[in-house]
Amino acid sequence: MRTRAWAGCLGVLTLATAAGSAVAGQWRDGAELYQKVCGHCHEANVGPVLKGRGLPPEYIQRVVRMGNRAMPAFRPTEIDDATLADVARRISTGAVLARE
Amino acid sequence: MGSKSKALPKGISAAEFDKAVREMRAIVGDEHVLVDEEKLAPYRKIMMPVPDEQHELSASVMPDGVEQIQRIMKVANKYRVPVYPISTGKNLGYGSAAPVQRGQIVMDLRRMNRIIEVDPELCTALVEPGVTYQQLYDYLQEHKLPLWFSCPAPSAIAGPVGNMVDRGVGYTPYGEHFMFSCGMEVVLADGQVLRTGMGAMENSNTWQVFKWGYGPTLDGIFTQSNFGVVTKMGMWLMPAPPDFRPFCIQYPNETDITKIVEALRPLRIAMVIPNAVVIAHTLWEAPCTPVKRADYYTGPGAIPDDAVKKIQADHNIGAWNVYAGLYGTKETNDANWKIIEAVAAGTGGKIITQEASKGSKALEYRFDLMKGKPNLGEFGLYNWRGGGGSIWFAPVSQAKGSETLKQMQMAKTILGKYGFDYVGEFIVGWRDMHHVIDLLYDRSNPEQMEKAYACYDELLHTFAKEGYGMYRANTAFAEKVAATYGPVKRDVEKRLKKALDPNNIIAPGRCGISL
Ligand SMILES: Cc1cc2nc3c(=O)[nH]c(=O)nc-3n(C[C@H](O)[C@H](O)[C@H](O)COP(=O)(O)OP(=O)(O)OC[C@H]3O[C@@H](n4cnc5c(N)ncnc54)[C@H](O)[C@@H]3O)c2cc1C
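Chains as they are written, first to last, in the working numbering: chain E, 1 to 100; chain L, 1001 to 1515.
Derived by calculation from the structure, the hints in this document are not laboratory data. Misleading hints may appear alongside valid ones.
[Unchecked claim] On the chain L side, residues computed to face chain E include the following (Cβ under 7 Å): (1) Ser-1003; (2) Lys-1045; (3) Gly-1065; (4) Arg-1111; (5) Gln-1134; (6) Met-1198; (7) Phe-1379; (8) Gly-1380; (9) Tyr-1382.
[Stated by the list, open to error] DSBU-like mimics (lysine-lysine), calculated; alpha carbons at most 30 Å apart, straight line: (10) L:Lys-1417 <-> L:Lys-1358; (11) L:Lys-1412 <-> L:Lys-1451; (12) E:Lys-51 <-> L:Lys-1211; (13) E:Lys-51 <-> L:Lys-1361; (14) E:Lys-51 <-> L:Lys-1350; (15) L:Lys-1497 <-> L:Lys-1078; (16) L:Lys-1465 <-> L:Lys-1451; (17) L:Lys-1350 <-> L:Lys-1309; (18) L:Lys-1292 <-> E:Lys-51; (19) L:Lys-1211 <-> L:Lys-1373; (20) L:Lys-1400 <-> L:Lys-1497; (21) E:Lys-51 <-> L:Lys-1039; (22) L:Lys-1292 <-> L:Lys-1310; (23) L:Lys-1259 <-> L:Lys-1489; (24) L:Lys-1310 <-> L:Lys-1330.
Heads up, the beta-carbon is just placed ideally off N, CA and C, and yes, glycines get one too.
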């Protein structure tokens, strides 16, 4: 019965846990960041395709921090310098940017 | 050496400012206070048609914890430096992460991003300001919790606390976000920590389930205001329904808005349709489909109606596109679906189901938003004119057909006068509608900047004359919008400000409130 599915989510465990998975400043790596943030536009026909264009990593990092026209700017509290450097390197060199 | 800050707080010397910064650094750590112009770049980017300088910040302080915020408040009071709290800082088109006035220190709460508790039995969550909707979504997925939340369109990068504090809206049955929040923790200007509702009681376990507590209910005064820094918020989650049936109904004519609203209002009030129905105009759908404006019009001024008609025909887009969903069991949705079919048939609308929606990016992102799945599909809007300029003009309307038609025509006329397109939608509350218009312009073009400002100004004042007020406004127009609500309300707000924040430390000028 499908109605059971509705009831099914109730009455399980109560969990009280700190912290979600993707804590800002603690992105697993640039690939995760790309998938969770960049890809929503740049893999979705909203922003331009970035991969395979050999864009310099410095340029990518600068655009992320400054924004560009309608592209929002991202603060260090959202994307730390190390993850930003990693995503820029990956995009620039065509390294793996895994998507589920 | 003098301060490096480009925009010192009003009336503060460089030396005093430096002292304040030094004390803040001692609280949060050196690396969590930014003063260098270059480092502050991400806070400076705005989409509003005013010069960046008008919203230039003095510095950014990035605390990680309530106790740090309490101590920052003490420093702010001591030196009389104003702080402007942001949560995820993605109030795009309403001011972004920049302060409401030049010379404020942005207090960036994005590091505080703990999901403190999720109770799957009561379907509640307690979150910090830095939590994003994407993060909450991933958390629920990872823990296999069949719970949904409602989110705004920029959900992948924005978060529940900032959105709720600005009284934003989303697209599931829990779409009126403040209504579905339950309990706040607030650091006041004097450093005291207030928990609203049941949270005020020690040992209470009902903070996230009962909103009111005893005595006056205070949560509302911490939304669209500057009376405190919200550090935790409870929110209600909805059980994922066994059967979810999103749909779109398209209508061929602009004037159809009248019968659409008349037909849908009863279903919304009776909760046959439980979510916030969206009625989106062609020119909202087109850029998100995506369609290029330049393929249809390259002349001066607003896009003409015949070009809009052609877009509708070429891309199967309605003049109006109604988005809603059924949330229930298969049995209840089967029954209610018959009502939807009858309404569509009776009003000349064409239903597009999930199965039939394939291939349209616009339909896809909308259907995802109606189940609270984060995406950024709506940013397609910015490919319409290009240039990154955007301010939301968002008056409230009654959910009555004649009113919506009147507002739409008023807005379209004024926008057209300045050469801008009507890119609008109505988001149906229960009895009201948020009439949301994206005034899109090229921010790199000084003439368009000027026109966009003048256009918003005229929209605001013409609507106010007709008795239509904004549901929310960008920081550049905060003062003007506040003025449309009359002197008594403003006087009460000022008295509250004086009582709670006598040194005018928290976000002076936000929503027009200042001492
Ligand atoms: C394409 C597009 C579509 C959009 N669609 C929607 C939509 O569907 N619905 C909608 O509601 N909005 C929408 N927006 C507007 C906006 O982006 C969202 O509302 C977004 O959620 C707000 O940003 P935020 O959540 O990061 O809040 P923030 O920017 O963090 O906060 C908003 C404001 O609230 C105040 N504030 C924030 N946190 C605190 C705090 N802890 N204590 C005290 N005051 C605080 C500050 O003044 C701040 O500027 C859209 C924007 C774009 C560009």
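Outcome of the hint check:
Interface hint status for L:Ser-1003: violated, as the beta-carbon distance to the closest one in chain E is roughly 21 Å, over 7 Å. Hint on L:Lys-1045 holds. Least Cβ distance to chain E is approximately 4 Å, under the 7 Å limit. A cut of 7 Å between beta carbons decides the hint on L:Gly-1065: the least distance to chain E is about 13 Å, and the hint is violated. The restraint placing L:Arg-1111 at the interface with chain E holds, with a minimum CB-CB distance near 5 Å, inside the 7 Å limit.
Given the 7 Å rule on beta carbons, the hint for L:Gln-1134 holds: about 6 Å separates it from the nearest Cβ of chain E. For L:Met-1198, the interface hint is violated, the least distance from its beta-carbon to any beta-carbon of chain E being 17 Å, above 7 Å. This hint holds: L:Phe-1379 has a C-beta 5 Å from the nearest C-beta of chain E, less than the 7 Å allowed. For L:Gly-1380, the interface hint holds, since its Cβ comes within 7 Å of a Cβ in chain E; the closest pair sits about 5 Å apart.
For L:Tyr-1382, the interface hint holds, since its Cβ comes within 7 Å of a Cβ in chain E; the closest pair sits about 3 Å apart. Only pairs whose Cα atoms come within 30 Å are accepted, and L:Lys-1417 paired with L:Lys-1358 is rejected, the gap being roughly 37 Å. Among the hinted pairs, L:Lys-1412 with L:Lys-1451 is consistent with the structure: their alpha-carbon atoms are about 15 Å apart, no more than 30 Å. For the proposed pair E:Lys-51 and L:Lys-1211, the alpha carbon gap of about 48 Å is over 30 Å, so the pair is violated.
Restraint check for E:Lys-51 and L:Lys-1361: the C-alpha separation of about 21 Å stays at or below 30 Å, so the hint holds. For the hint pairing E:Lys-51 with L:Lys-1350, the CA-to-CA distance comes to about 39 Å; that exceeds 30 Å, so the pair is violated. Between L:Lys-1497 and L:Lys-1078 the CA atoms are separated by roughly 18 Å; this keeps the pair inside 30 Å, and the hint holds. Proposed proximity of L:Lys-1465 and L:Lys-1451 is supported: the alpha carbons are some 21 Å apart, at most 30 Å.
At roughly 16 Å between alpha-carbon atoms, L:Lys-1350 and L:Lys-1309 fall within 30 Å of each other, so this suggested pair holds. Among the hinted pairs, L:Lys-1292 with E:Lys-51 is consistent with the structure: their alpha-carbon atoms are about 23 Å apart, no more than 30 Å. Using a Cα cut-off of 30 Å, the hinted pair L:Lys-1211 and L:Lys-1373 holds, with the two alpha carbons roughly 26 Å apart. Between L:Lys-1400 and L:Lys-1497 the alpha-carbon distance is near 37 Å, which puts this suggested pair outside the 30 Å criterion.
The hinted pair formed by E:Lys-51 and L:Lys-1039 meets the criterion: a straight-line CA distance of about 26 Å does not exceed 30 Å. At most 30 Å may separate the alpha-carbon atoms for a hinted pair to count; L:Lys-1292 and L:Lys-1310 meet this at roughly 12 Å. A hinted pair counts as satisfied when its Cα atoms are at most 30 Å apart, and L:Lys-1259 with L:Lys-1489 does not qualify at roughly 36 Å. A hinted pair counts as satisfied when its Cα atoms are at most 30 Å apart, and L:Lys-1310 with L:Lys-1330 does not qualify at roughly 38 Å.
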